[in-house]
Structures are given as C-alpha cells and as structure tokens.
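Colleague: All chains, full assembly: derive it from the sequences and hints.
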Amino acid sequence: MNLSLSKHGQNSCAAASYQPAENSPRAVTMSSSEIAELTGKFHAHVLRDIRTMLEALKDDPVLDHVREDKDGRGYTVNFHLDRELTETLLTGYSIPLRRKVVRRLHELEEANAKPTFDYATALSDPRTLLALLTENVTKVVALEADNIELSKENHELEVKVEQDAPKVAFHDMVTVSHKTYNAAQAAKIIGTGRTRLLQFMRQKGWVTRNNEPYQVKIEAGLLDVKLGTFEHPIDGTIPTCSTLITGKGLTKLQAMWQSREEDLLK
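So in our numbering, spot 261 of the sequence shown is number 262, and the numbers just go up one at a time.
Hints listed in this document are in silico derivations from the structure and should not be mistaken for laboratory results.
Treat the hints with care, since some could be wrong.
What the hints assert, rightly or not - Per label pair, the in silico range of CB-to-CB distance:
#1 P62 / S95: 43 to 49 angstroms
#2 H107 / E136: 29 to 35 angstroms
#3 Y76 / K140: 26 to 32 angstroms
To be verified - List of simulated lysine-lysine pairs, DSS-like, C-alpha gap at most 27 angstroms:
#4 K71 / K59
#5 K140 / K189
#6 K205 / K227
#7 K249 / K180
#8 K161 / K253
#9 K249 / K227
#10 K101 / K42
#11 K205 / K161
#12 K249 / K205
#13 K153 / K180
#14 K253 / K180
#15 K140 / K153
#16 K227 / K253
#17 K140 / K161
#18 K140 / K180
#19 K205 / K253
#20 K227 / K189
#21 K59 / K42
#22 K71 / K42
#23 K189 / K101
#24 K161 / K101
Even glycine gets a Cβ: it sits at the ideal position worked out from N, Cα and C.
Modeller: Written as structure tokens, this is what we have:
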C-alpha cells in the first residue's frame, strides 16, 4: 500500500487532536484509540478496519491528511483521521456506534469554532494587562512561599538525619556484631533494668519462666545460650544455663521496647 503517512514517535495521542492549517480554521481529527473507546471495540480491531479502508482508498488524495503514530519498534499505536475519513470508517459500524462518534465529532467542531484568546488586543487594554500582571505576581508569590516551605522542610530533615546518625551507626554496628550480651548488659543499653527486661522477654515469648531462651529464638539468631556449671557445697556440680542476647536480638528488643513506651504514652 503506497500511502503517504507522516511518522511520529512513541508519544501517541489517545484523545482527539487538532491539526492547524495556515490561514484556515484548524481541521478536527479523531484518533483510532478514541474511536475504539467510543464504540467499545478493541483498538486492534479499529486499526485493522482503518487499514482496510486505507487500502481501498490508496489512490485518494484524502489520505494525505492521515497521520500515523508509531512506537520505537515501528508498530502503529494510533491513526488520526479527519472528519471525512472518520465518517467513511463508520459506514461499516452499527447506527448506535456511528451516533456516538458523530456526536463526539460535533463536540470537537464546536470547541474548535470557539474564538481563541486575542493576546494583541488584550495587551493593548490596560485593565486586561493589569489583571494578567496581577495574576502572574500572585502565582510567583505563591511559588516563592512554596519554595520557602520546602527549604524549611529540607532543613528540618537534614537536622533529623544528623541527629539520628549516631543511632543509625549504633544500630548497624550492633546488628552485624558477633558479640552477645547478658540480660544486665542489654537492659543498660536499652535503658531499663535487668528484671524488667526479663519480664518483658517472658511476656513476648522470648524466654521461659526460668529465663531460659526458647529454641525458636535461638534458631532465629536473636538469642544464644551459655552452658556452664557451678559447685554446690552439698549437691556437687550443678549445670547452669545463661541466656545471651545477640546483636540482632538487641536491635529487635530495642525496637519492641520503644514501641512499648510509645503505647504507654498514648
């Protein structure tokens, strides 16, 4: 098919567009995607119908006004048809579908017929010029206020980042650390007492009522256990079990404790 169609890039025009002509009113066009939307047809089917029509009219000069949009791979994403070709395409559609598209064409023509803003006349009128200047000044003032507010927010964010830097560094250091902490050491870091921390860990299901770690917490890398013995003057050698908190577990406990304190303040 030897058609003279203008090629465009990836940005297709899903809605109807207007093609200006020199020294004449702009011609109303309608895109294939809008025709598909109005008629409820698949866009691929509308593209197929348009190609069939173009093939049948391949020697008609009216095809000079057809615009085709293609994506980067060379596939057609939209055809833009003038009123005559749009109505020609619709002859194969049902009356209700034709009615929808014709109504839309009339809307576009009415919008196209409205007079455009005459800047030359407006700028020669002092009152209009003053109104335009006032509007622009208002926009500039509003934009400046937005910039000031944005700068303030950025400064507050920078201050917070700087204040939180030691906490973040400590968090990162503790999380990857292979060091373990006993309950007293962990409680001091978190900011509470050993007894309160162990009670909290029992409530959260980390340790048993004897303060021994649950196996699931050990497997999760949150807790560890230190086994030992001590000599009892009567009973002899007694095995001991000490709960240790890993760096990962300490980070988790800190977050849980902080959340607990925030809930108490509500």
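Colleague: Are the hints correct? Go through all of them and say.
Modeller: A quick look at each hint next to the structure:
The hinted window of 43 to 49 angstroms between P62 and S95 is violated, with their beta carbons roughly 29 angstroms apart. Separation of H107 from E136 is about 33 angstroms and conforms to the stated range, judged on CB atoms against 29 to 35 angstroms. With their beta carbons about 41 angstroms apart, Y76 and K140 fall outside the hinted range of 26 to 32 angstroms. The hinted pair formed by K71 and K59 meets the criterion: a straight-line CA distance of about 20 angstroms does not exceed 27 angstroms.
Restraint check for K140 and K189: the C-alpha separation of about 56 angstroms exceeds 27 angstroms, so the hint is violated. For the suggested pair K205 and K227, the alpha carbons sit about 21 angstroms apart, so the restraint of at most 27 angstroms is met. Note on K249 and K180: the hinted pairing holds, with a Cα-Cα distance of about 10 angstroms set against a maximum of 27 angstroms. Under the criterion of a C-alpha separation no larger than 27 angstroms, the hint pairing K161 with K253 is consistent with the structure, at around 22 angstroms.
For a cut-off of 27 angstroms, the pair hint linking K249 to K227 stands: about 17 angstroms separates their Cα positions. As the CA atoms of K101 and K42 are separated by approximately 12 angstroms, the hinted pair is consistent with the 27 angstroms bound. For the suggested pair K205 and K161, the alpha carbons sit about 31 angstroms apart, so the restraint of at most 27 angstroms is broken. Our distance criterion of 27 angstroms between C-alpha atoms is met by K249 and K205, whose separation comes to about 16 angstroms.
Restraint check: the Cα-Cα separation between K153 and K180 comes to about 41 angstroms, which exceeds 27 angstroms; the hinted pair is violated. Note on K253 and K180: the hinted pairing holds, with a Cα-Cα distance of about 15 angstroms set against a maximum of 27 angstroms. For the hint pairing K140 with K153, the CA-to-CA distance comes to about 20 angstroms; that is within 27 angstroms, so the pair holds. Of the supplied pair hints, the one linking K227 and K253 holds, its CA atoms being roughly 20 angstroms apart against a limit of 27 angstroms.
A hinted pair counts as satisfied when its Cα atoms are at most 27 angstroms apart, and K140 with K161 does not qualify at roughly 32 angstroms. With a CA separation close to 59 angstroms, the supplied pair K140 and K180 exceeds the 27 angstroms bound. Restraint check: the Cα-Cα separation between K205 and K253 comes to about 12 angstroms, which is no more than 27 angstroms; the hinted pair holds. Our distance criterion of 27 angstroms between C-alpha atoms is met by K227 and K189, whose separation comes to about 20 angstroms.
The hinted pair formed by K59 and K42 meets the criterion: a straight-line CA distance of about 24 angstroms does not exceed 27 angstroms. Between K71 and K42 the CA atoms are separated by roughly 20 angstroms; this keeps the pair inside 27 angstroms, and the hint holds. The hinted pair formed by K189 and K101 fails the criterion: a straight-line CA distance of about 75 angstroms is larger than 27 angstroms. Straight-line distance between C-alpha atoms of K161 and K101 comes to about 58 angstroms, which puts the hinted pair past the 27 angstroms bound.
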